[in-house]
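Read off the chains here:
2 protein chains.
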Amino acid sequence: MYLSKLFIPTTKDLPTEAKIKSHQLMLRTGMIKQSSAGIYSWLPLGFKIMKKIEQIVREEQNSIGAQEMLMPTIQSSEIWKESGRYDDYGEEMLRIKDRQGREMLYGPTNEELITDVFRSSVKSYKSLPQLLYHIQWKFRDEIRPRFGVMRCKEFYMKDAYSFDLSDEDAKKSYNKMFYSYLKTFSRLNLKAIPMAADTGPIGGDLSHEFVIIAETGESDVYADKKIFEIDPNVYKFNDSSLLKMREDFTKIYAVTDEKFKKEDFNKLVKKENQIITKGIEVGHIFYFGDKYSKPMNCLIDDKSGKKTSVKMGSYGIGVSRLVGAVVEAKYNSSVMKWPKSISPFDVVIIPSISKNNKENLEKAEKIYNDLKKQNIDVLLDDVDENMSNKFKKHDLIGVPFQIIIGSKSKGNNFEFKELNSESEILSLDNIKIKLKS
Amino acid sequence: MYLSKLFIPTTKDLPTEAKIKSHQLMLRTGMIKQSSAGIYSWLPLGFKIMKKIEQIVREEQNSIGAQEMLMPTIQSSEIWKESGRYDDYGEEMLRIKDRQGREMLYGPTNEELITDVFRSSVKSYKSLPQLLYHIQWKFRDEIRPRFGVMRCKEFYMKDAYSFDLSDEDAKKSYNKMFYSYLKTFSRLNLKAIPMAADTGPIGGDLSHEFVIIAETGESDVYADKKIFEIDPNVYKFNDSSLLKMREDFTKIYAVTDEKFKKEDFNKLVKKENQIITKGIEVGHIFYFGDKYSKPMNCLIDDKSGKKTSVKMGSYGIGVSRLVGAVVEAKYNSSVMKWPKSISPFDVVIIPSISKNNKENLEKAEKIYNDLKKQNIDVLLDDVDENMSNKFKKHDLIGVPFQIIIGSKSKGNNFEFKELNSESEILSLDNIKIKLKS
Numbered sequence: 001m002y003l004s005k006l007f008i009p010t011t012k013d014l015p016t017e018a019k020i021k022s023h024q025l026m027l028r029t030g031m032i033k034q035s036s037a038g039i040y041s042w043l044p045l046g047f048k049i050m051k052k053i054e055q056i057v058r059e060e061q062n063s064i065g066a067q068e069m070l071m072p073t074i075q076s077s078e079i080w081k082e083s084g085r086y087d088d089y090g091e092e093m094l095r096i097k098d099r100q101g102r103e104m105l106y107g108p109t110n111e112e113l114i115t116d117v118f119r120s121s122v123k124s125y126k127s128l129p130q131l132l133y134h135i136q137w138k139f140r141d142e143i144r145p146r147f148g149v150m151r152c153k154e155f156y157m158k159d160a161y162s163f164d165l166s167d168e169d170a171k172k173s174y175n176k177m178f179y180s181y182l183k184t185f186s187r188l189n190l191k192a193i194p195m196a197a198d199t200g201p202i203g204g205d206l207s208h209e210f211v212i213i214a215e216t217g218e219s220d221v222y223a224d225k226k227i228f229e230i231d232p233n234v235y236k237f238n239d240s241s242l243l244k245m246r247e248d249f250t251k252i253y254a255v256t257d258e259k260f261k262k263e264d265f266n267k268l269v270k271k272e273n274q275i276i277t278k279g280i281e282v283g284h285i286f287y288f289g290d291k292y293s294k295p296m297n298c299l300i301d302d303k304s305g306k307k308t309s310v311k312m313g314s315y316g317i318g319v320s321r322l323v324g325a326v327v328e329a330k331y332n333s334s335v336m337k338w339p340k341s342i343s344p345f346d347v348v349i350i351p352s353i354s355k356n357n358k359e360n361l362e363k364a365e366k367i368y369n370d371l372k373k374q375n376i377d378v379l380l381d382d383v384d385e386n387m388s389n390k391f392k393k394h395d396l397i398g399v400p401f402q403i404i405i406g407s408k409s410k411g412n413n414f415e416f417k418e419l420n421s422e423s424e425i426l427s428l429d430n431i432k433i434k435l436k437s
Numbered sequence: 001m002y003l004s005k006l007f008i009p010t011t012k013d014l015p016t017e018a019k020i021k022s023h024q025l026m027l028r029t030g031m032i033k034q035s036s037a038g039i040y041s042w043l044p045l046g047f048k049i050m051k052k053i054e055q056i057v058r059e060e061q062n063s064i065g066a067q068e069m070l071m072p073t074i075q076s077s078e079i080w081k082e083s084g085r086y087d088d089y090g091e092e093m094l095r096i097k098d099r100q101g102r103e104m105l106y107g108p109t110n111e112e113l114i115t116d117v118f119r120s121s122v123k124s125y126k127s128l129p130q131l132l133y134h135i136q137w138k139f140r141d142e143i144r145p146r147f148g149v150m151r152c153k154e155f156y157m158k159d160a161y162s163f164d165l166s167d168e169d170a171k172k173s174y175n176k177m178f179y180s181y182l183k184t185f186s187r188l189n190l191k192a193i194p195m196a197a198d199t200g201p202i203g204g205d206l207s208h209e210f211v212i213i214a215e216t217g218e219s220d221v222y223a224d225k226k227i228f229e230i231d232p233n234v235y236k237f238n239d240s241s242l243l244k245m246r247e248d249f250t251k252i253y254a255v256t257d258e259k260f261k262k263e264d265f266n267k268l269v270k271k272e273n274q275i276i277t278k279g280i281e282v283g284h285i286f287y288f289g290d291k292y293s294k295p296m297n298c299l300i301d302d303k304s305g306k307k308t309s310v311k312m313g314s315y316g317i318g319v320s321r322l323v324g325a326v327v328e329a330k331y332n333s334s335v336m337k338w339p340k341s342i343s344p345f346d347v348v349i350i351p352s353i354s355k356n357n358k359e360n361l362e363k364a365e366k367i368y369n370d371l372k373k374q375n376i377d378v379l380l381d382d383v384d385e386n387m388s389n390k391f392k393k394h395d396l397i398g399v400p401f402q403i404i405i406g407s408k409s410k411g412n413n414f415e416f417k418e419l420n421s422e423s424e425i426l427s428l429d430n431i432k433i434k435l436k437s
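In the order they appear, the protein sequences are chains A and B.
This note's numbering applies: residue 1 is where the first sequence begins, and numbers increase by one.
This note's numbering applies: residue 1 is where the second sequence begins, and numbers increase by one.
To be clear, the hints were calculated from the coordinates, so they are not data collected in a lab.
Just so it is clear, the structure is predicted and the values come from calculations on it, not from any experiment.
Treat the hints with care, since some could be wrong.
Claimed, not checked - Simulated crosslink set (DSSO-like; lysine-lysine; CA at most 27 angstroms straight-line):
1) A/K123 with B/K355
2) A/K278 with A/K251
3) B/K373 with A/K183
4) A/K340 with B/K51
5) A/K436 with B/K372
6) B/K126 with A/K372
7) B/K126 with A/K5
8) A/K12 with B/K303
9) B/K436 with A/K372
10) A/K126 with B/K48
11) B/K372 with A/K126
12) B/K12 with A/K307
13) A/K51 with B/K48
14) B/K123 with A/K393
15) B/K123 with A/K392
16) B/K51 with A/K183
17) B/K392 with A/K123
18) B/K393 with A/K123
19) B/K51 with A/K52
20) A/K191 with A/K172
21) B/K183 with A/K373
22) B/K97 with A/K81
23) B/K393 with A/K126
24) A/K373 with B/K236
25) A/K183 with B/K372
26) B/K355 with A/K303
27) A/K373 with B/K436
What the hints assert, rightly or not - Here chain A is said to cover these stretches of chain B; the calculated rule only asks that three of the stretch's residues, wherever they fall, bring their Cβ under 8 angstroms from a Cβ of chain A:
28) 2-16
29) 30-37
Positions of the beta carbon are idealized from the N, C-alpha and C atoms, including for glycine.
Bound conformation, chain A alone:
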């Protein structure tokens, strides 16, 4: 892609309400545009990054055997009345009347709808366990939407649901998701800490939130530093290893302000291991047994033929929120560097262009075509502006690797730079090796 053709409308004058760095950066680099309070359009640059995050989330859901489907955004109020949440949910639920006066709503979450899908189709323990998920837009009518995509009204979320015959089986499903979440965040190059959490309006008695550490995070985090040392990759994908994994994590102290008690912290964590920092919630998992299946009559025949309420859990990851969270975690000292796995481009070529000399641009185009042939997704900055402005701009766009075609590039050797590192002079072959590693 040539930068001059990319629809990337940058904003110079930031609105005063853009107070946190992800909100500022995403507006400044034309990743998003607000269409009304708390509602955003995703422009090509931001869209591409969000899609890459979505794809990683999808692959990690598929790899634990979850099946993808898609529920609609607009739901009938009927099922919410069955579960008892229609009145409880409050004003954050966007309530709608259709042209015939029927009460509808824009789904803030999908426990009721998936239970309705399930009860009409699965009747026997033989079809269990089941893990189903979808990635769909949700709406919460926030009274004070703020922080850009971090607390907005219309947001993109992966929510999964597990169905099991017994509590014991259900906790195996819970552990699988726990594992999948750790893998997902690690592929996004984020350090996510699972923390015991309150269950709020979803309900249940077992719940973890996954919090990534970022100085500008919304929650205070109190943890034993040992929790950062657990490597999720040592666990195998079987029930006993996954149980051990959850136990290993849960026995180490790590909470947000919600659950923080000073005396516990001091009693349970050695002074030199105490970490107090900030974090951002990016995922939340719940086990709630028959909280929905019982009132909604979602019954399964067990082995003896007796009907029993299916045991359920739900598992959310905020996909659009993660875009902002990655910026909060990775944007430091005026430089944004996207993790390789979700960068909008693999590399950007930055030629020094002057009116009377198109040689650098021609060189750049040659390299561009060469890299494209190798399936490297490359951005070419063909805009006619001075190099110092270009570098400032690319410090914000955040493509992690740059090929700079200026005075230091000679013959078939080019200046190659990884953001936040010194540049080096490399042959194109060596650059390709670096990009593909």
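Add chain B to chain A, keeping to what the hints say.
Below, chain B alone, put in the same frame as chain A:
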């Protein structure tokens, strides 16, 4: 995927309102489930097919230089008041009041919102032409939703928008989309005929709808059979060739009932060339100049520095509707055969299983693992039921190729069948070659 694990809740008792074959088949094979009138959940089988269609639409948009973005589902009424359509649109628009009493709506289309994105960012002719698109859920509050996903309330649509300086340039963009649509439908193995159309609530004076021929279609189609003989692949991707392509199509008579006049048909089409059949609209493109840019003040500096309203077109493909349309076109004589490009699986292995003999199942699993290694997406029917039921079921699920492990398969040679054809005995290597061709 093992069939016993796939979440594919089949429906035996069809609701009486399921009158057309796509609605019936999609319910029967567990592709969709209705959640409320005109609103559906897409279950794994249906979801997978829809995603494949979406991906083909995306690739063909990208290949003409359109850039993907994503606008939200919920829009403010303000921009619709600016364009003048808020009052005009009628009851099909789902109108919503948020908790603060602000008038919002669930977008039925996005001309206003994209114009708003564009006017705040692009100021100069130098940034033109631009082609932007998104694939997003839309809502139309149909008074009588029916025909399953063919006329439902919440539907998935690709809508693209073009921006140009002059009428002349805008028509070049229009022709590119025209070309892209022909390519898209041809990759879906559909014969789509472009027909001059009325513009309805979108507006403008140049418009084509793309209609695929299906006996059960909603519109009557009157055409000269010569239109079926034009091969879009002979045109090159440049302005003059694309103009010739549109002219070649438009000079041959082809209309739906909306524009049909008997005397024209008889005058313009030789008796022996007259075709009268049925069709389904799957795409619609519009050129409407400054219908939105003028009232919404979306201005561009032209070369002389004069401000002028940008010239726009819009281009829609019904992605969720296409799933149903493909069924209408391809489901005949009780056999559904998905086009290879969008089939939910490349091949299904059907072993004859009996209680005391697991040999066929073991053979099937071996082939399954072998094909998986070759990146062939394979379904294994491990359900314990008789072969005649299995064949009936797979005639509906519609995977186009079958490997049957029964009495005819011997040693390393297996019965291989393409739906609607005779089976043959082939070695596994030859089967792989067939599947990959």
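Structure-based check of each hint:
1. Straight-line distance between C-alpha atoms of A/K123 and B/K355 comes to about 23 angstroms, which keeps the hinted pair within the 27 angstroms bound.
2. Note on A/K278 and A/K251: the hinted pairing holds, with a Cα-Cα distance of about 21 angstroms set against a maximum of 27 angstroms.
3. Note on B/K373 and A/K183: the hinted pairing holds, with a Cα-Cα distance of about 23 angstroms set against a maximum of 27 angstroms.
4. Pair hint A/K340 plus B/K51 holds up; C-alpha atoms about 26 angstroms apart against a cutoff of 27 angstroms.
5. Distance check on the hinted pair: A/K436 and B/K372 sit about 26 angstroms apart at the alpha-carbon level, within 27 angstroms; holds.
6. Taking the CA atoms of B/K126 and A/K372, the gap is near 26 angstroms; set against the 27 angstroms cutoff, the hint holds.
7. A C-alpha spacing of about 10 angstroms is found between B/K126 and A/K5, which places the hinted pair at or below 27 angstroms, so the restraint holds.
8. Our distance criterion of 27 angstroms between C-alpha atoms is met by A/K12 and B/K303, whose separation comes to about 24 angstroms.
9. Taking the CA atoms of B/K436 and A/K372, the gap is near 26 angstroms; set against the 27 angstroms cutoff, the hint holds.
10. Restraint check for A/K126 and B/K48: satisfied, since their Cα atoms lie roughly 24 angstroms apart, inside the 27 angstroms limit.
11. Our distance criterion of 27 angstroms between C-alpha atoms is met by B/K372 and A/K126, whose separation comes to about 26 angstroms.
12. The straight-line distance between the Cα atoms of B/K12 and A/K307 is roughly 22 angstroms, inside the 27 angstroms bound, and the hint therefore holds.
13. Only pairs whose Cα atoms come within 27 angstroms are accepted, and A/K51 paired with B/K48 is accepted, the gap being roughly 17 angstroms.
14. Among the hinted pairs, B/K123 with A/K393 is consistent with the structure: their alpha-carbon atoms are about 20 angstroms apart, no more than 27 angstroms.
15. Between B/K123 and A/K392 the alpha-carbon distance is near 23 angstroms, which keeps this suggested pair within the 27 angstroms criterion.
16. A threshold of 27 angstroms between alpha carbons decides the hint, and for B/K51 with A/K183 the separation of about 25 angstroms falls inside it, so the pair holds.
17. Only pairs whose Cα atoms come within 27 angstroms are accepted, and B/K392 paired with A/K123 is accepted, the gap being roughly 23 angstroms.
18. For the suggested pair B/K393 and A/K123, the alpha carbons sit about 20 angstroms apart, so the restraint of at most 27 angstroms is met.
19. Proximity of B/K51 to A/K52 is assessed by CA-CA distance (about 16 angstroms); at most 27 angstroms being required, the pair is judged to hold.
20. Annotation: proposed proximity of A/K191 to A/K172 holds, straight-line Cα distance about 24 angstroms (limit 27 angstroms).
21. At most 27 angstroms may separate the alpha-carbon atoms for a hinted pair to count; B/K183 and A/K373 meet this at roughly 23 angstroms.
22. Between B/K97 and A/K81, the direct Cα distance comes to roughly 21 angstroms. Compliance with the 27 angstroms bound is thereby established for this hinted pair.
23. Proximity of B/K393 to A/K126 is assessed by CA-CA distance (about 20 angstroms); at most 27 angstroms being required, the pair is judged to hold.
24. Simply put, A/K373 and B/K236 have alpha-carbon atoms about 22 angstroms apart, close enough for the 27 angstroms limit, and the pair holds.
25. Taking the CA atoms of A/K183 and B/K372, the gap is near 23 angstroms; set against the 27 angstroms cutoff, the hint holds.
26. As the CA atoms of B/K355 and A/K303 are separated by approximately 20 angstroms, the hinted pair is consistent with the 27 angstroms bound.
27. About 23 angstroms separates the Cα atoms of A/K373 and B/K436, which keeps this hinted pair within 27 angstroms; it holds.
28. Evaluation of the coverage hint for the region 2-16 of chain B: fulfilled, as 4 residues show C-beta separations to chain A shorter than 8 angstroms, against a requirement of three.
29. With 4 residues having a beta carbon nearer than 8 angstroms to a beta carbon of chain A, the region 30-37 of chain B meets the requirement of three or more and the stated coverage holds.
Every hint, counting from the list given before, is met by this structure.
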